[in-house]
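Enquirer: In case you want the letters, here they are:
2 protein chains.
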Amino acid sequence: MVAITIKDVAALAGVSVATASRVLSGSPATSPEARASVVTAAAQLDYRPNAQARALRRTHTESIGLLVSDVRNPFFADLAHTVEQAALAAGYVTLLGNANERKEQQDRYLETLISRRVDGIVVAPLGDGSGSIRSLIKRRIPTVFVDRTVDGLDVPSVTTDSETGIRQAVAHLAAVGHTRIGYISGPQATSTGRDRFAAFTRAVADLGLSQDPELVYFGDFQAASGSLGVHALLELRRPPTALLAADSPMAVGAIAILHKRGLRIGRDIALIAFDDIEWFALLDPALSVISHSVEDMGRIAVKMLLEVIGGGSPESVVLPSELLIRESSSAPAPGAPISPEFV
Amino acid sequence: MVAITIKDVAALAGVSVATASRVLSGSPATSPEARASVVTAAAQLDYRPNAQARALRRTHTESIGLLVSDVRNPFFADLAHTVEQAALAAGYVTLLGNANERKEQQDRYLETLISRRVDGIVVAPLGDGSGSIRSLIKRRIPTVFVDRTVDGLDVPSVTTDSETGIRQAVAHLAAVGHTRIGYISGPQATSTGRDRFAAFTRAVADLGLSQDPELVYFGDFQAASGSLGVHALLELRRPPTALLAADSPMAVGAIAILHKRGLRIGRDIALIAFDDIEWFALLDPALSVISHSVEDMGRIAVKMLLEVIGGGSPESVVLPSELLIRESSSAPAPGAPISPEFV
DNA sequence: CTGAAAGCGCTTACAG
DNA sequence: CTGAAAGCGCTTACAG
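Residue numbers (UniProt numbering), protein chains in the order written: chain A, 1 to 343; chain B, 1 to 343.
I should point out that these hints are in silico values taken from the structure, not numbers from a laboratory.
Note that this is a predicted model, so its numbers are computed, not measured.
Wrong hints could be hidden among the right ones.
If several chains are the same, the list does not tell them apart, and a pair holds so long as it fits within one copy or across any two.
[As the list claims (entries may be wrong)] Heads up, simulated SDA-like pairs for lysine to any residue below, C-alpha to C-alpha not over 25 Å straight-line:
id, residue 1, residue 2
1, LYS7, ARG238
2, LYS138, SER21
3, LYS138, ALA89
4, LYS303, ALA53
5, LYS260, ASP161
6, LYS7, LEU56
7, LYS138, ALA286
8, LYS7, ASN50
9, LYS138, GLU327
10, LYS303, SER291
11, LYS138, SER115
12, LYS7, SER313
13, LYS138, LEU12
14, LYS138, SER330
15, LYS260, ALA18
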């Protein structure tokens, strides 16, 4: 790497580094001549200020960190996109980290983001408030939680009210005749995993449906666990006639196995997924989903983070969720529960 | 933000900052007593070294940049995941940027990554060698191109041989009876856009199929342009009976419109997509695709970048592509070209 | 408007 | 093994 510093620019321009610095950072206290020569010299040398050195003196870096729990989850890929665009519009660049649903990896990235002195961090947190999440708070680094929260931590957040959507989904399945609904849950180490599970449990109880604990499979929000969940649920002596998956990757895993087992979704078994992914509507049958707005979530998270960075303490925001009934959630097949030849 | 520096640690530990620094960075030249007191002090103060300051003195930052052309494209989300894991295994942290298929945004991120002095950059480049891509080369920043390249730039790359897969796809469509194949192309500002288009053109010519230029629609690799492409192609006086989409987001856009128009894929019209996305196999009919390995691409890119960082100059790698025939690419409907009532 | 100088938080020869 | 000192590339009061 060829290192071109402000010294080189100043030398070529025939001014002091102080003047060069002033021109380069747009200080008004510069003469037109100085400006011209410095700008020319910088261009000629293809000078790029060293952000590290600059950050050492300045108090801000014009960058934020976004720590997402899984980039391969389309919900978070979309979130990354929205956050990035909103941040860019506000003059901030986004450094994206991927926890891949692993606590150690979350900690590793958080350390990196802290070390690099981003001005603030938007994080979809994992686990309890231990590890690097705690450091974030202790050091008063501007932080906003998105999608998920951590119990006992007083951090502004933008989340989804999963309860409404899940209740609608369960009620809809009950209305078309399902009584045994299998639930593929997210991990209980995440707030969304817990909230959605609790909402499911309550809905099922309130509606007088089966509360058989065997009907719940605990996955990890990634695709493979959706497949394992379907396997486990279909092996039950009394398998469910409908399935509710707590996020889209697990739904994808579920669909793959359902296909492999020769079960027709929407006929042999009903399926509803949390998260509305563009192509879920393209499946045949189109997937019924619980939808919430990732655009709103990303946009609001950035807005809130900028407020925190500016010294404010914004109120947390809870976004709505709602059931979109498409074709995958019809009545149970006649003769349900599913007879053994299907499984 | 509460700033805890090495001075605070040294003071609490009762040693000089030099000694504190040695302990903290694992230098062997430290006494057990010094080690103990510094480690304790650091833990007590929850000290995190300032990466900026450290990078100013050290020559490397143990971080690499990954600039992806579109995070919402599952191919690149998967690539981000693979690169990240491979880098982490080698002790590097990955800073992810998203160009969103826009040159200005690519430049913006590249500037940021350069300024932050990452040790190297993996980039799926956009456009010609102007702008920040040129700076990268001029400053000899270790760079590896992934998926795409830039003409005239001598940068190690790992790409896919699109030619084979596309030729197989066209030959397969021809074999089942299609003569007018519509091609939804990627932008000509990308090497993959150009290569795949050229491969399509050659294949169509070699096999004696229609070379009607109207059968080609130039999209931008994002979903909306896939929809527009289908619209345009189906409005032709003699519409195609088969469609080939140059990447998966455009295929998604195409499928959505095909559904909306009431055309049954695999019956009324054939469709093949470049890129094998997990759930393409879950569609009904399952989508025939041109597949290439994103895992290999990511893994090799990191391996090559580490070589470049280490002073080597690795050979570029070209990965194979191949057609996976599923159900969406069957023979043209009887009475094709598609009669007006379908369009 | 400009330059010399101090300092941001680290690391690392240099002496001892 | 340890400390004082220089220096990485910038920015910013301080004088002028």
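Enquirer: Confirm or reject each hint.
Expert: Checked hints:
{"no.": "1", "hint": "LYS7 to ARG238", "result": "neither (76 Å within a copy, 65 Å between copies)"}
{"no.": "2", "hint": "LYS138 to SER21", "result": "between (34 Å within a copy, 23 Å between copies)"}
{"no.": "3", "hint": "LYS138 to ALA89", "result": "neither (29 Å within a copy, 29 Å between copies)"}
{"no.": "4", "hint": "LYS303 to ALA53", "result": "neither (28 Å within a copy, 30 Å between copies)"}
{"no.": "5", "hint": "LYS260 to ASP161", "result": "neither (34 Å within a copy, 31 Å between copies)"}
{"no.": "6", "hint": "LYS7 to LEU56", "result": "both (17 Å within a copy, 15 Å between copies)"}
{"no.": "7", "hint": "LYS138 to ALA286", "result": "neither (47 Å within a copy, 51 Å between copies)"}
{"no.": "8", "hint": "LYS7 to ASN50", "result": "both (12 Å within a copy, 24 Å between copies)"}
{"no.": "9", "hint": "LYS138 to GLU327", "result": "neither (49 Å within a copy, 56 Å between copies)"}
{"no.": "10", "hint": "LYS303 to SER291", "result": "within (22 Å within a copy, 40 Å between copies)"}
{"no.": "11", "hint": "LYS138 to SER115", "result": "within (14 Å within a copy, 28 Å between copies)"}
{"no.": "12", "hint": "LYS7 to SER313", "result": "neither (41 Å within a copy, 31 Å between copies)"}
{"no.": "13", "hint": "LYS138 to LEU12", "result": "between (46 Å within a copy, 19 Å between copies)"}
{"no.": "14", "hint": "LYS138 to SER330", "result": "neither (50 Å within a copy, 61 Å between copies)"}
{"no.": "15", "hint": "LYS260 to ALA18", "result": "neither (69 Å within a copy, 63 Å between copies)"}
Violated hints for the displayed structure, listed by number in ascending order: 1, 3, 4, 5, 7, 9, 12, 14 and 15.
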